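*Asks:* Sequence:
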Amino acid sequence: MSIKSDRWIRRMAQGHRMIEPLEPNQIKEVNGQRIVSYGTSSYGYDIRCSDEFKLFTNINTTIVDPKNFDAKSFVDIKGSSCVIPPNSFALARTVEYFRIPRNVLVLCLGKSTYARCGIIVNVTPLEPEWEGHVTLEFSNTTPLPAKIYANEGVAQVIFFESDPGDACETSYKDRGGKYQGQKGVTLPKI
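Just so you know, this note's numbering puts 159 at position 122 of the sequence shown, and the rest follows in order with no gaps.
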(Lines of atoms letter the chains of each structure in order from A and count residues from 1; the text may use other names and numbers.)
(Lines give C-alpha, C1' and ligand atoms only; values in the text may rest on other atoms or scores of the structure.)
Protein backbone atom coordinates (compact mmCIF):
# COMPACT_ATOMS: atom_id res chain seq x y z
CA MET A 1 0.00 0.00 0.00
CA SER A 2 1.34 3.45 -0.86
CA ILE A 3 0.34 7.04 -0.19
CA LYS A 4 -0.53 8.96 -3.36
CA SER A 5 0.85 12.26 -4.64
CA ASP A 6 -0.70 15.36 -6.18
CA ARG A 7 -0.10 14.03 -9.72
CA TRP A 8 -1.97 10.80 -8.93
CA ILE A 9 -4.87 12.75 -7.35
CA ARG A 10 -5.26 15.00 -10.42
CA ARG A 11 -5.03 12.02 -12.78
CA MET A 12 -7.64 10.00 -10.84
CA ALA A 13 -9.96 12.98 -10.49
CA GLN A 14 -9.84 13.71 -14.21
CA GLY A 15 -9.87 10.13 -15.51
CA HIS A 16 -12.16 8.47 -12.96
CA ARG A 17 -14.21 11.39 -11.57
CA MET A 18 -12.84 10.57 -8.11
CA ILE A 19 -13.35 14.15 -6.83
CA GLU A 20 -15.92 16.57 -8.28
CA PRO A 21 -15.40 19.45 -8.42
CA LEU A 22 -11.62 19.14 -8.28
CA GLU A 23 -9.40 22.10 -7.53
CA PRO A 24 -6.07 21.03 -9.10
CA ASN A 25 -4.04 23.59 -7.10
CA GLN A 26 -3.89 24.83 -3.52
CA ILE A 27 -6.14 27.91 -3.15
CA LYS A 28 -5.22 30.29 -0.31
CA GLU A 29 -6.91 33.49 -1.43
CA VAL A 30 -10.25 34.37 -3.05
CA ASN A 31 -11.04 37.89 -4.34
CA GLY A 32 -8.06 39.31 -2.46
CA GLN A 33 -9.15 37.72 0.86
CA ARG A 34 -7.03 35.13 2.71
CA ILE A 35 -8.98 31.92 3.35
CA VAL A 36 -8.40 28.53 4.96
CA SER A 37 -6.75 26.75 2.03
CA TYR A 38 -8.33 24.02 -0.08
CA GLY A 39 -7.47 21.97 -3.16
CA THR A 40 -4.71 19.58 -4.14
CA SER A 41 -1.70 19.49 -1.83
CA SER A 42 1.55 17.52 -2.06
CA TYR A 43 0.13 14.21 -0.81
CA GLY A 44 -3.55 14.86 -0.29
CA TYR A 45 -6.55 17.01 -1.00
CA ASP A 46 -7.90 19.73 1.29
CA ILE A 47 -11.70 19.40 1.26
CA ARG A 48 -14.18 22.26 1.63
CA CYS A 49 -17.23 22.57 3.82
CA SER A 50 -20.46 23.43 1.97
CA ASP A 51 -22.89 26.09 3.17
CA GLU A 52 -25.30 23.49 4.65
CA PHE A 53 -25.02 22.96 8.41
CA LYS A 54 -26.95 21.04 11.04
CA LEU A 55 -26.27 22.67 14.40
CA PHE A 56 -26.82 20.52 17.48
CA THR A 57 -29.35 21.87 19.95
CA ASN A 58 -30.62 20.57 23.26
CA ILE A 59 -33.90 22.47 22.95
CA ASN A 60 -35.86 19.19 22.92
CA THR A 61 -33.77 17.70 25.76
CA THR A 62 -33.54 14.32 24.10
CA ILE A 63 -30.92 11.60 24.51
CA VAL A 64 -28.31 11.34 21.76
CA ASP A 65 -28.75 7.74 20.64
CA PRO A 66 -26.96 6.51 17.49
CA LYS A 67 -29.50 3.65 17.16
CA ASN A 68 -32.50 5.95 17.40
CA PHE A 69 -31.30 9.40 16.42
CA ASP A 70 -33.83 12.23 16.73
CA ALA A 71 -33.47 14.63 13.77
CA LYS A 72 -35.08 17.31 15.95
CA SER A 73 -31.74 17.49 17.79
CA PHE A 74 -30.48 19.76 15.01
CA VAL A 75 -31.34 23.17 13.60
CA ASP A 76 -30.69 23.59 9.86
CA ILE A 77 -28.54 26.56 8.87
CA LYS A 78 -27.54 27.67 5.37
CA GLY A 79 -24.94 30.39 5.11
CA SER A 80 -21.37 31.49 4.60
CA SER A 81 -20.47 30.40 8.13
CA CYS A 82 -21.81 28.60 11.18
CA VAL A 83 -21.17 29.52 14.82
CA ILE A 84 -21.01 26.46 17.07
CA PRO A 85 -21.88 27.05 20.73
CA PRO A 86 -19.31 26.16 23.42
CA ASN A 87 -18.84 22.41 24.01
CA SER A 88 -21.25 21.56 21.18
CA PHE A 89 -21.03 20.32 17.61
CA ALA A 90 -22.38 20.72 14.10
CA LEU A 91 -22.65 18.52 11.05
CA ALA A 92 -21.93 19.70 7.53
CA ARG A 93 -20.96 18.17 4.22
CA THR A 94 -18.19 18.60 1.70
CA VAL A 95 -18.53 20.67 -1.45
CA GLU A 96 -16.77 17.77 -3.20
CA TYR A 97 -18.48 14.55 -4.25
CA PHE A 98 -16.21 11.47 -4.05
CA ARG A 99 -16.08 8.20 -6.00
CA ILE A 100 -13.44 6.03 -4.35
CA PRO A 101 -11.83 3.34 -6.53
CA ARG A 102 -11.91 -0.29 -5.37
CA ASN A 103 -8.17 -0.36 -4.64
CA VAL A 104 -8.09 2.88 -2.61
CA LEU A 105 -8.72 3.76 1.05
CA VAL A 106 -9.01 7.41 2.11
CA LEU A 107 -8.26 8.78 5.58
CA CYS A 108 -9.22 12.27 6.71
CA LEU A 109 -7.52 14.57 9.20
CA GLY A 110 -8.64 18.01 10.36
CA LYS A 111 -6.67 21.06 9.26
CA SER A 112 -4.33 22.55 11.83
CA THR A 113 -5.91 26.01 11.47
CA TYR A 114 -9.11 24.69 13.07
CA ALA A 115 -7.37 22.28 15.47
CA ARG A 116 -5.31 25.15 16.91
CA CYS A 117 -8.60 26.87 17.76
CA GLY A 118 -10.00 23.84 19.60
CA ILE A 119 -12.25 22.85 16.69
CA ILE A 120 -11.97 19.17 15.88
CA VAL A 121 -13.06 17.84 12.49
CA ASN A 122 -14.00 14.17 12.47
CA VAL A 123 -14.60 12.03 9.40
CA THR A 124 -14.53 8.26 9.20
CA PRO A 125 -12.48 6.56 6.45
CA LEU A 126 -13.78 6.66 2.89
CA GLU A 127 -13.83 2.98 2.01
CA PRO A 128 -13.14 1.31 -1.35
CA GLU A 129 -16.00 1.94 -3.81
CA TRP A 130 -17.83 4.33 -1.49
CA GLU A 131 -19.28 7.41 -3.14
CA GLY A 132 -21.08 10.54 -1.99
CA HIS A 133 -20.68 13.84 -0.20
CA VAL A 134 -18.67 13.40 2.98
CA THR A 135 -20.56 14.25 6.17
CA LEU A 136 -18.31 16.32 8.43
CA GLU A 137 -18.57 16.61 12.20
CA PHE A 138 -17.19 19.71 13.91
CA SER A 139 -16.70 19.58 17.69
CA ASN A 140 -16.16 22.84 19.50
CA THR A 141 -14.07 21.79 22.49
CA THR A 142 -13.71 25.35 23.79
CA PRO A 143 -15.75 27.29 26.35
CA LEU A 144 -16.38 29.96 23.66
CA PRO A 145 -18.44 30.04 20.44
CA ALA A 146 -16.46 28.81 17.39
CA LYS A 147 -16.91 29.76 13.74
CA ILE A 148 -16.71 27.43 10.71
CA TYR A 149 -16.44 28.92 7.21
CA ALA A 150 -18.30 27.54 4.20
CA ASN A 151 -16.47 27.03 0.89
CA GLU A 152 -13.08 26.99 2.61
CA GLY A 153 -10.76 24.16 3.62
CA VAL A 154 -11.61 22.19 6.76
CA ALA A 155 -9.75 18.88 6.50
CA GLN A 156 -7.29 16.94 4.36
CA VAL A 157 -7.96 13.57 2.79
CA ILE A 158 -5.03 11.24 2.17
CA PHE A 159 -5.25 8.46 -0.42
CA PHE A 160 -3.74 5.00 0.03
CA GLU A 161 -3.63 2.66 -2.97
CA SER A 162 -3.22 -1.09 -2.53
CA ASP A 163 -0.38 -2.93 -4.18
CA PRO A 164 -1.15 -4.07 -7.77
CA GLY A 165 -3.40 -7.13 -7.75
CA ASP A 166 -4.27 -6.68 -4.07
CA ALA A 167 -7.60 -4.81 -4.21
CA CYS A 168 -10.06 -5.65 -1.44
CA GLU A 169 -12.20 -8.75 -1.77
CA THR A 170 -15.40 -7.00 -0.61
CA SER A 171 -15.89 -3.26 -1.11
CA TYR A 172 -18.30 -0.86 0.59
CA LYS A 173 -20.50 -1.02 -2.52
CA ASP A 174 -20.44 -4.85 -2.48
CA ARG A 175 -21.65 -4.81 1.15
CA GLY A 176 -24.50 -2.43 0.28
CA GLY A 177 -23.18 0.19 2.73
CA LYS A 178 -25.92 2.34 4.25
CA TYR A 179 -24.22 5.64 3.40
CA GLN A 180 -23.57 4.79 -0.26
CA GLY A 181 -24.42 7.68 -2.60
CA GLN A 182 -25.28 10.11 0.21
CA LYS A 183 -26.02 13.68 -0.77
CA GLY A 184 -26.37 16.54 1.65
CA VAL A 185 -25.71 16.31 5.39
CA THR A 186 -26.59 12.73 6.38
CA LEU A 187 -27.66 11.79 9.91
CA PRO A 188 -26.72 8.47 11.58
CA LYS A 189 -28.39 5.27 10.31
CA ILE A 190 -28.34 1.67 11.46
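A hint or two may mislead.
[Stated by the list, open to error] With a straight-line cut-off of 25 Å between C-alpha atoms, the simulated DSS-like cross-links for lysine-lysine are:
hint : residue 1 : residue 2
1    : 210       : 184
2    : 109       : 210
3    : 215       : 226
4    : 210       : 226
5    : 226       : 115
6    : 210       : 41
7    : 148       : 184
8    : 104       : 148
9    : 226       : 65
10   : 115       : 184
11   : 65        : 115
12   : 104       : 41
13   : 115       : 148
14   : 210       : 115
15   : 184       : 41
16   : 220       : 210
17   : 65        : 215
18   : 109       : 184
19   : 184       : 104
20   : 65        : 41
21   : 109       : 215
22   : 148       : 41
23   : 41        : 109
24   : 210       : 65
[To be verified] Simulated restraints, written as ranges between beta carbons of each label pair:
hint : residue 1 : residue 2 : range
25   : 38        : 211       : 37 to 43 Å
26   : 114       : 72        : 34 to 40 Å
27   : 115       : 211       : 33 to 39 Å
Hints listed in this document are in silico derivations from the structure and should not be mistaken for laboratory results.
Note that the structure is a prediction, hence the values are computed from the model and not measured.
Every residue gets a Cβ at the ideal spot worked out from N, C-alpha and C, and that includes glycine.
*Asks:* Any of the earlier hints contradicted here, and which numbers?
*Replies:* 1, 2, 8, 9, 12, 14, 15, 17, 19, 23, 24, 25 and 26
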